[in-house]
Amino acid sequence: MTVRRTGLRVVIIAAVVLIVGIAAAALAMRNLWSGRTGGPVQAVNAPADVVARGKYLSEAADCAACHTAPGGAPFAGGLPMQSGFGTIYATNITPDPDDGIGRWSAEDFWRALHDGVRRDGAQLYPAMPYTSYRGMTRADADAIYAYVMQLRPMKVANRRTELNFPFNIRLGMLGWNMLFLHDSLPAVSDGRTPAWQRGRYLVNVLGHCGECHTPRGIVGEMKLSRSLIGFALGRVAAPDITPAGLASRGWTAAGLRAYLGRGLARQGSAFGDMHPVIMLSTRNLTAEDLNAVAIYLLGDNPPPPAPLPPPDATESAEAASGAGRMSYVALCAGCHGLDGNGVPNTVVAVRNNSTLRLADPRNLIVAMLDGIGAQNFSHRASMQAMPGFSDKLSDAEAAALANYLRVTWGGQKGDVAASVVRALR
Amino acid sequence: MILQTRPLTVTINGRRYGPIDVPEGLMMIDVLHEMLGLTGSRLGCGIGICHACVVIWDRDDQTSEEVQTCITGAGFFDGKRIRTVEGIARRNDKGEILALSPVQQAFLDQFSFQCGYCTPGFVNAATVLIERLKRAPVPRGQVEATVAAALEKHICRCTGYVRYYQAVRDLILATPGLTRDAA
Amino acid sequence: EGKTAAYLGQAVAILIYRDFARFRFAKEKLQFNDAVIRYGAVTGPLQRDPWGSSRFVRVGGPTPYDDDVFSCLKQGPVSPSYDKHEPVWPKPARDGDLGAQGMYHADTIQYELAHPPAEWLVLTRNYATQSGDTAALEPDNANGWYDADEQELHLVVPTQSPQEVAEGAAAILQRSRIGMKRLFLHPCFTVGYGSKDHCTMPYYGLLAAVYGDGRPVRLANDRFDQFQSGLKRHQFSMGYTVAVERRTGLLQSFRAEIVANGGGRANCSVALTLVGATSAQSVYYFPKNDVAATAIASRAIDSGAARGYGALETLTATELMMDEIAGELGLDAIEFRLRNVLKTGMRSAQGAVPLGTQRAETVLEQARDHALWTGRASRKQVYDAGHPGKYYGVGFACIQRRFGTGAEASLAKVELAPDGRIALSHSGTEIGTGTSSGQAIACARWLGRPADALDMAVTEWPDLPVETSGDPHSISQAEQDRLAKNPRWSPAYASASSASNSSYYFSHVTREAARVVYLHGLWPAALAMWGRDGREAAREVKPEDARWRDGALAVEGLELLPLARLAQEAHARGLVVGAAVHAFNRWQWAEADFVVDGASARAAVDALSVRYGGGAGAAKEALSTTPNRYQVLDRRTVSFPPTQNNNAMVGYNTVVGTLAEMVVDAASGKVTLLSHHTILECGNMLAPELVSSQIQGATATGIGLTLHEWLPLYEDGPGNGTWNFNRYHLPRGSDVAVWTQTADVLPPLSDREPPKGMAEVAGIPIMAAIVNGVAHAIGHRFRTLPVTPERILEVLA
Ligand code: FES
Ligand code: FES
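So the sequences go chain by chain: A, B and C. According to the numbering used here, the first sequence is numbered sequentially starting from 2. According to the numbering used here, the second sequence is numbered sequentially starting from 475. According to the numbering used here, the third sequence is numbered sequentially starting from 63.
Quick caveat, the hints were computed from the structure, so don't treat them as lab data. Misleading hints may appear alongside valid ones.
[As the list claims (entries may be wrong)] Each computed BS3-like pair below joins lysine-lysine, with the alpha-carbon atoms no more than 25 Å apart:
{"#": "1", "chain 1": "A", "residue 1": "K414", "chain 2": "A", "residue 2": "K393"}
{"#": "2", "chain 1": "A", "residue 1": "K156", "chain 2": "C", "residue 2": "K732"}
{"#": "3", "chain 1": "C", "residue 1": "K442", "chain 2": "A", "residue 2": "K156"}
The structure displayed is predicted, hence computed values, not measured ones.
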C-alpha cells in the first residue's frame, strides 16, 4: 500500500524547497488565500446510482486501506505511516463536520485528489497518492465524494502529523509537486482497445499500483521511466508487473484475473501488502474491470507465459541431495507436499510459484523467515497460516533451502548466499 | 516402490531412540504413532492448525517450544530432544506414573477436558507456558491475557475453553515465581 | 458400468495397504487427485422423493388448559403422498378421515392468516440455517481383524451407538459368505456430537477387516476425509407465519413450512425433521398451529444427528421471530415472551400437557431482571458514543427442548463387593460429556458413594436376557400388549449416547439397579445389624427415607453403618449384592412387579436379575444360573407406556435462556462477544462441574454456528475433499468470551427432582441471542446463518 513507504523519502524535500522557492512561495500564498476553514455543513443528496458508483470507485481506489485504521472506525483515518522523519496519519474522511470532511464541497474534494491541496489550503504529503489520482476524471471524483459524504459521520479527531523540521513544513511540497506531479502516468504496455484504456485508468489512476510497484527516486518521487518494474520499500518487495516481468514468471490474463479477483491463482496467493489490496479493493472489481486490468498489465497482445525451464541438471542434482532438500522435507513438505503441489484451497503450490520464479530471492526468504499469516479470501477461500522458520533455520540452511526451491520449482539459479539471508533477518 | 530412508536419532521424554531408518517424507506424528509406539499425540487437522499434535522441543538454550508434528518431518527432529504427552507426568524406572504434572493435575481437578482429544496439546502448551514464565514472570494483572495468548491456537470443540484457561490461570497464580507484582 | 453416485463425497473403494509408509505415500498421490476415479456418462444427480414429510396440526380449545379441537396427540400427524418428488397433502374435508380432517383445520388456519382480524399483526418471515460439520476432534475411524480359523471378527470402534453397530455388523455378516461364528465389538470412549451415531464408518472398517488377510486393519479419516464423508448438519429452510393480537400481545396462530436437506443417504432425517417441527413453538403457547415439515433427499453429503437435532434450527428461527414481533409491537422482548410463556398445565403444540412443572417463566423473569438486560439501552448509548465505528448490543433468547428420543432404553448392573467396593456396568457410552463420571455418581443416591469401577458401553449382558422386536416409535398398542406377555420382551434394547440422554435416562437405570441392591441387600443387612432396635426402626422409617452420611447409612438414633460393613453383612447373609436392570421410557417409564428374594418389589424397569451374596443357601444358588451367578427374575406384571405417547412428542423439557453482550465493528464487520450469561434449569445436578462444562462447550458451538461455521452443500462443499479447519473456522478462545461468561442454574424444585438432560439445549439460545443482539447493535435483523463479517459489512455499507 502506498503510504507506508511514501512518506519516507521526503528527506530531500528541503533541498527541493530551496530550488523552487520563489515560485512556490507565490503559489502558496494563493492556496492559502483560497483555503478555508469553517463554513456550512454540506448536505449531499446524490442519486443512489451515483453513490453506488462512488462506492465502487472508492474500492477501486482503495481508500479504506489508509483511511480506515486497524481496529478503527471506517474511513475515520488514523492509520500511522512511519517514515524515518516521523509519522504521518491518514485523515478522517467521513462527513463529520468537525473531525471529518463534512464541510468540504465537491470542489474541495477534487482539489485534494487532483492537486494535493487540503480545503484549508495546506499541502498534502504524497503519502496520499494524489500523484496517481490526478488522472481521475472529475465525474469519478464527484461520485466518490457523493459516496463518502453519505457515510456514517465518525467523531474521530485527526492526529497531527509528527514530522521533524524541516519536513513538517508542508509548503515544501509545492516545489515537489511542480517537479513530480504529472497529469498522466506513462503506459507500461502496448494497446489501444477500450479495455486496455480502461485498464490503464484502473491501474495507473484508481489502483495507484505504481505507488508501490514503481521505483522511487531520492526525493520519494516515482521514477516513471521505470514504471511498475518493481520496488522494495517494505519488507516484502512489490514485484515487477510489467508485461515482460509478469510473463517471465508464468502469469497469464486468466491468472491475473484469478489473483486480483480472489487472491488465489495457480501462480500463488496474495500475501504481504497485496493481501489487503485484494481484500479491500481488487476483489470488488467487476469482471470487465478485472479483465481490463489484466489486459493493460499484459498489453493487447500479451507475451506468452514463460514455461518453467527444466532445472539445470547439475544444480538440481546438487540441490536434491543437499541440505536444502533435507530442510524442505523436514519443514515444508508436510504442507506443500513432497511434489511441491500444495493442497487445493489450503496450501499454495511451490512448484512454478510466482515468488520462486523471481530472480530476486528477497520475498522467498522473507516468507521463509517470517511466515505468512492465515489468509482469508472472499468466496470462503482461506490459506492456512505458514509458520515462520527464522528460529529453525540457520542462515546457511535457509539459503540452501531457498536454492533448492529456486532450482527445483522456480527455474532460477541456486545462487543465494547465507549473507543474503542474514541481511534480511 | 523402493522407499528412501534416512536415519533418525532423537531423544524423547529423556530416552534416546535410534538411529532408526525412517522413510523420507514421513511426518513426525506418523513416526511417533507407527514406529515408536507413542500414540498420545493426536492428529486433529493434519495441516498445522489445531495444535492437537504438538510436542515440546527442548532447545539447547534451555528454552522450550511447541512444534506441530503433523507438518514437521521426522528429519527435523534428528539429534533433538522432545517431550510428548507421555513424558509429562513423573514416572518411576518401570514407567509407572508416580505423579501427574501440576498442569495435568489442574486440568483434572477443574474438569477441564471432555473428550480429551485436544488435551495432549493443551497439556504441552500449558507446560511450555509455565516454563517460559519461570524464566520471565509476568505481572499478575497480565496472567489472563498471557494464558489466552498462549492457548489461542489450540482448538477444542468440546469445552468452550473456559475450564482449560481457568485451570492454567489458577495454576500460574498459585505457583510462586511465575508472576510479579507490578507492571 | 457402475451407477450414479447417490451423493457428493460418496465412498467408492477401500484400498488396503500392508505397511504404513506405503499407505502414507500412496495417499499423498491419491488425495486431491481427481483423475483417480474414472467417470462414465454424465447423468445428473439422482431425483428422489423426500425422505419423509409430515404435518402437525392443532386447534386448541377455548383456553390453553382445555381439550383440543384437533391435535397431533389425539388424531395424529398428517402424512402426504408424493408427486414429482413434492409432498401432496390429503384433500381437506371436515368429516373425512384423519388426514382430511387435519388438512381441513390446516386450511382454516391458513385462510385466517391470509384474512386476519383487524387487531391481528401477522408476520411472515423466512429463515435459513447452514449445513455444517460436527467437527468432533477425533475423526471417524474403525479397527478390526478377522480370524478365519476361529471365524471370529473383532471390531474396535469409537461410536455413540455400540448397540446399533453390533446389530448392523451382525446383519451384514449374516448375509456374507465368509462364515462367521462370533463378532466381538469393542466400543471405545469417543466424541461425536451426532456424527458417530448412525454412521457408516464402522461398517467400512468391518469390510476392511474381512479383507485384511487376517491382519488387523486400521481405517481412519484424516480431517479432509472427515469433512468429505462425515455426517453433516441438516441445512434448514423455514418459512414462518405468526399472528399476534396487537392489544394484548398474545400469540394467536403459528404456521410453518420447514424443509431440511437430508443429503443423499436415508439416515435419521425424517426423525430429526419431525423433532425440529414439533419443537418450533418452544416455550410459548399458540392456540393454533400448522407445521409442515419435509426432509428432502439431495446430492449433498448424508446428514446426521448433529448436536441440536433439528430443534436447534427451528428454535433459533422462532426466537428471532419473537424478538421481531416484540419490536413491531413496541414491547420489551422479554416482556412479550412472558406474556406468551407456556405454563404448567397448558397444552403443547402437539396437544399434550408437558410433564412436570414448567419453569420457562422463571428463566424469563431472571433474564428480565438481569443487569445485562436492564441496563442495555444506557450502556449502548455510552459505549457507542465513546467508540466511533463500534456498535454495542445485547440480545436474548430462551428455548426449551426435550431430551431423549421418545424410546429410550438402557441396561445397568450394579454390584457390591464384600469390602464395599461398587462396580457399575452400563450400556451407555462415554462421548466426552462426563457420562461415566455422572453414572458413577448416580450410584451414591442409594449406595452412599460413587462407583469405584466402571464398565461403559457394555454390549453383552449374559446376566440379563432381554428380547426386543418391532419399532418402538411405530408399534401399535395391540401389538405391544401382545408382545409384552413375553417376560423378556421390551420395545427397545439399548440407546445410543445422544439427545442429552445420559443424566436422566442412563442415571435412571443406574439408580434403579442400585435401589434394588439397597432395598434387598443393604437395608435388610442394616436391620439385622441394628438388632432389636432395627426392627423398631423398620416400623417407623421407610427404607427410602434413610440417608447416607459420609459413606455410612444414617437413621436417627441408630448406629452409623459404613457401606463396607453393610456389604460384608449382605454378602454373609446371602442377600442381594448385585442387580442388573433394563428400563424403557416413552415419555414415561415402563414399570413392573417382581418377587425379589421372597419380597414383592415394584420398579421402574422391565427386566431384572439379581445376584446373592456368598452366604446364600443352596436353594438360591440353584436359581442363580447365569454366567455371573445371577438369578433372572420373571416380571409378574408390566405396564409399558402407551403407544399414543409417540404422538405426544413431548415429555421432559429443559429450559435455558441466554443473554449475549457484544460489539459490532463497522470497519471489519466482526462481532465480538463481550460476555454472555446463561440461565438453565436442569433438576438436581449429578455434578455441577459437568453441567457448567456442558454449558460452556455447547455455547461455544452455538457461537460457531452463529458467526463462523458454514459449509456449501454441493459441488464446492466438503464432498470435494478439500475442506479443513482453515476454511471451516471453529471458535477459538478469543471468540467465546472465555473470562467473562457466566451461568446460573435454577435450584431444583425438590431434592427428589431427577437430573435433566441439558448438554444439547445449552448451546441453542446463544445463537438467537447473538443475532438479536446484532439487531440491537446495528438495527438489522439477520434471518440466515451464519452472520459473517461480509454480511454485516454489506448491511452497514
Ligand atoms: S494435527 Fe497438527 S496441528 Fe492439527
Ligand atoms: S475436549 Fe474434546 S476436543 Fe477438547
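**Request:** Could you check the structure against the hints above and give me the numbers of any it violates, in ascending order?
**Result:** Structure breaks no hint.
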